[in-house]
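**Student:** Read off the chains here:
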Amino acid sequence: MPQNRSDTDPPRKSPYTADRGMAGAFEGETVTRRRFMTGGALAAGGIASAAFALPAVGFALAPLFKDPTPDRWQDVGPESDFEPTTYVPKVINTDPGAGEAGKATIYVRKFDPESDKPSPSDNGKDPIPFVVVSTRCAHLGCPVRYYEAPQRFVCPCHGGIYDFEGKVAGGPPVRPLDRFNARVTNGRVEVGERFSVNSELRRFSPRDPSNHLDGFWQFLYPARPST
Amino acid sequence: MSKLTPPLPKFLRPAPPRPGEKEREAGNGEGGDTEPGRADKLREGAGESGAQVIGWLDERTGTSPFLRGFLFRKVPKGTNWFYALGSATMFAFVSQAVTGVFLAMYYNPDATRAYESASHITNEVFAGELVRGMHKWGSTVMIVLLFLHMGRTFVFGAYKYPRELNWVIGVVLLVLTLAMGLTGYLLPFDQRSYWATIVAVNLNASAPLLGPFIADFLRGGAEFNSATITRFYALHMLLIPGLIGALIGAHLYLVAKLGTTAPPWLKAEKKELTNEEI
Numbered sequence: 001m002p003q004n005r006s007d008t009d010p011p012r013k014s015p016y017t018a019d020r021g022m023a024g025a026f027e028g029e030t031v032t033r034r035r036f037m038t039g040g041a042l043a044a045g046g047i048a049s050a051a052f053a054l055p056a057v058g059f060a061l062a063p064l065f066k067d068p069t070p071d072r073w074q075d076v077g078p079e080s081d082f083e084p085t086t087y088v089p090k091v092i093n094t095d096p097g098a099g100e101a102g103k104a105t106i107y108v109r110k111f112d113p114e115s116d117k118p119s120p121s122d123n124g125k126d127p128i129p130f131v132v133v134s135t136r137c138a139h140l141g142c143p144v145r146y147y148e149a150p151q152r153f154v155c156p157c158h159g160g161i162y163d164f165e166g167k168v169a170g171g172p173p174v175r176p177l178d179r180f181n182a183r184v185t186n187g188r189v190e191v192g193e194r195f196s197v198n199s200e201l202r203r204f205s206p207r208d209p210s211n212h213l214d215g216f217w218q219f220l221y222p223a224r225p226s227t
Numbered sequence: 001m002s003k004l005t006p007p008l009p010k011f012l013r014p015a016p017p018r019p020g021e022k023e024r025e026a027g028n029g030e031g032g033d034t035e036p037g038r039a040d041k042l043r044e045g046a047g048e049s050g051a052q053v054i055g056w057l058d059e060r061t062g063t064s065p066f067l068r069g070f071l072f073r074k075v076p077k078g079t080n081w082f083y084a085l086g087s088a089t090m091f092a093f094v095s096q097a098v099t100g101v102f103l104a105m106y107y108n109p110d111a112t113r114a115y116e117s118a119s120h121i122t123n124e125v126f127a128g129e130l131v132r133g134m135h136k137w138g139s140t141v142m143i144v145l146l147f148l149h150m151g152r153t154f155v156f157g158a159y160k161y162p163r164e165l166n167w168v169i170g171v172v173l174l175v176l177t178l179a180m181g182l183t184g185y186l187l188p189f190d191q192r193s194y195w196a197t198i199v200a201v202n203l204n205a206s207a208p209l210l211g212p213f214i215a216d217f218l219r220g221g222a223e224f225n226s227a228t229i230t231r232f233y234a235l236h237m238l239l240i241p242g243l244i245g246a247l248i249g250a251h252l253y254l255v256a257k258l259g260t261t262a263p264p265w266l267k268a269e270k271k272e273l274t275n276e277e278i
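Sequences listed follow chains A and B, in order.
For the first sequence, this note's numbering begins at 1 and goes up steadily by one.
For the second sequence, this note's numbering begins at 1 and goes up steadily by one.
Bound conformation, chain B alone (with noise of 0.2 Å):
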């Protein structure tokens, strides 16, 4: 170490050894150094402070217990990558409320301009058309996955007690993600999102009793008209994205608290029982 170097603040220079402590042999450390040891003493330091950081972090938040319970919990023998379509849904999940966040930093969900801003971000903005195919062709492939999701978990009999909670709060994430891609495919607001729209709500409609009701609440009104747009791009970026999130907590919850299944084709092993035990 160079004498041209300022000095080290106190907090960072080791401290002395104490009493009857073993002193570090002199000569480790560089030439000219006063204090023997000091810059092997520092290097353990700093290559320890990324821990002591998380360390801090851990002791007031009780984050690692947690996570060693959610992370590195037990799974049945015979767990295989069909186990891992839910987590790949989330991902779809996730990777469409991240292009989402961006796209409506560019879109104006007004009757007169939604369509001018959709096409701006496909033609002019730039990754424009990357970003806003990311999110069309996300979609479904976050229904798919979905569906796929849910064909394992009936296909494996993972619906079964105890976990029927965790299947009804899928089929309500299922029907919200419906939902998402209803609102969302008016939003370009071209002929085809247009006339798409003016059908699904009046399916809506065509509910005994209660259906009128239902469409008057979609359009924000009697007729298609300025607020209806509004009305959906509230509803696809704020209501039930929000709804999602919470259930897929509640959900990712029951699996970590519950467990998962074994493979229906693996048998429980049979072990012969020793007269004492009968």
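One chain only, chain A, in its complex shape (with noise of 0.2 Å):
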């Protein structure tokens, strides 16, 4: 703008307040008094309103940055509950002071070296010993339930079906049944962390039901940040 300026145009003021004839101007003085509170009260107000609001709000997001997966085995039974063939349901805590509603069920079964492949991510290590099959359905979370006969997880809400690894055979589901990690301590099977996985059983970290997991798909669901 103040190159287009012509000749018609009212001369500029100059930057100097002495030259405007301000009372009490200093000399080099090009900020007037009534700006310079102006904008000390908005920066004071600013600041201030920060102070509050900045620890308020990361007091409030700061669930999205706490680490999902505590430390903590959970006992389900000894060894010889369990067999490859077929599962077993429990009951886990995954949050003890929510009472019932912390509590979760679980599919316990033995890990079977012949019909189970170790999933890609094991990289030739041991596979885990058990396969523990979370009842949390991809879809959207309802609880799945295992039929025996066909060898199915089914959820009640909209008609999703798994087969015996977990795997979707039918409906709505994106990706197979979350797990858990598994270990044998003196004879007894206890339940670790809950993990994702794809279509091919490879190991993610633990996702929401509705987050794909397959090819370029994954890109679009990020893991936690604390993950």
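Honestly, the hints are just simulated from the structure, not real lab data.
Any given hint could turn out to be false.
Residues on chain A that point at chain B, a partial pick, calculated with CB under 8 Å [claimed, not checked]:
| id | residue |
| --- | --- |
| 1 | 61 |
| 2 | 94 |
| 3 | 95 |
| 4 | 102 |
| 5 | 141 |
| 6 | 206 |
| 7 | 207 |
| 8 | 210 |
Going by beta-carbon spacing under 8 Å, a handful of chain B positions derived as facing chain A [to be verified]:
| id | residue |
| --- | --- |
| 9 | 112 |
| 10 | 209 |
| 11 | 224 |
Don't be surprised by glycine CBs; every beta carbon is placed ideally from N, CA and C.
If you follow the hints, you should be able to join the two separate chains into one complex; please do so.
**Tutor:** Dropping the structure here:
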């Protein structure tokens, strides 16, 4: 704009307050006291608001950065309770503070080295000795139930069906059922943290139901920042 | 007036007549009265005291010019009962707010106690079933009224210039009201509300990129936990109602400022122009 000034425009005001005839102006002063006070009041208000708003927002958003898989192992019974051919339902506690709402059902069976192939992400290491399948449907999180005769997991909400390994056999789910880590201590089976798997049973950090994990889709559903 | 009654305090006694002012006829008051017509004057003053209090407030707040502009503004010809749907929605909101405040006196937003306290309200507290029922069914009524109001605005073309901003505010109010429905649905904490909320939160998680973070924010963690219900409770009774209240204020301000539209079936009256006007 200043380049296009024509001679007909009124002459520009001097930036110096002294030149504009302001009472009590200092030499070389360019910011009027009114402007300075306005800016100072706005800055002080902004700092004061940020001082309470930022911690409060961080307080509300903190769970986004919390480690979702606390290092906690839960005993689900002696090794002899489980066999490779069928699932046994067990109850674990995902949040002890939530009472009944913090409990979750899981299905446990022994890993079968003949029919179960190790996950591609295990890199030839020993696979987890027990297959622990979450009942949280990978569609929208309803509880699935295992049916013995057809060897299928079925979700009551929208008709998701999973096969014996927990892979999708029909319906809307986008990936296999989540699993849990497992180990054997002194002859007792212990269940650890949750992990998600894609259609090749490759392991991923725990994701929400409805999040795809295959092909290009996995980049649209990022892992939690802490994992 | 009996002689036994104590004398009136000084400030209640009528002022003596000014010099030259016609004195009231004695006998209007009762027999033994020393000051003629005092009872009458008192009676008159008592009748006006309410108006005086209102006048005192009005002089200091300027309420009546505001209310005259707000309540007695001109409305177009053809204004009908459809125009009351907005007020009806606001009335539903007020009834939700009032019943909600009272429900909060008995409700306990703890994952282990929520269901118990909700059934305590229904089964044991006096009129608890009624108040909880009003809040539950009122939520449905509010959403139905909101959509009817929105439909009226759309069909009557009342969203057009210069009222677009009011339509936008209305849409935000719709989203906030639906969010009230979502957050309130968890609070009874029975099987239905628990699983419905899990599905609703996972629906949010299905959005690409941001979805998982929104779901974690709603749950207060990676899994449904004891912080989820307190989070929903705080959103349901503090954050969202506050926003709704503020936006209703802005919505009403714009309605009063811009006025309402005439119904679309009403044509503007055409006036024959005189030669001079042409």
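**Student:** Taking the hints in turn, state whether each one holds.
**Tutor:** Okay, the hints, checked on the actual structure:
1. A least Cβ separation of about 7 Å between residue 61 of chain A and chain B falls short of the 8 Å threshold, and the interface hint therefore holds.
2. Against a cut-off of 8 Å between C-beta atoms, the interface hint on residue 94 of chain A holds, since the closest Cβ of chain B lies about 5 Å away.
3. The beta carbon of residue 95 of chain A is positioned within 8 Å of a beta carbon in chain B (closest approach about 4 Å), and the interface hint is therefore held.
4. Proximity of residue 102 of chain A to chain B holds as hinted, the smallest CB-CB distance being about 7 Å (cut-off 8 Å).
5. Hint status for residue 141 of chain A: holds, given a least beta-carbon distance of 4 Å to chain B, under 8 Å.
6. Below 8 Å, beta-carbon pairs count as interface contacts, and residue 206 of chain A has one with chain B at about 6 Å; its hint therefore holds.
7. The closest approach between the C-beta of residue 207 of chain A and any C-beta of chain B is roughly 7 Å, which is under the 8 Å cut-off, so the hint is satisfied.
8. The restraint placing residue 210 of chain A at the interface with chain B holds, with a minimum CB-CB distance near 4 Å, inside the 8 Å limit.
9. With its C-beta approaching chain A no nearer than about 4 Å, residue 112 of chain B sits inside the 8 Å limit, and its interface hint holds.
10. Restraint check, residue 209 of chain B versus chain A: the minimum CB separation of about 6 Å is within 8 Å; hint holds.
11. Residue-level restraint check for residue 224 of chain B holds (minimum Cβ-Cβ distance to chain A is 7 Å; threshold 8 Å).
Of the numbered hints given earlier, the model fails none.
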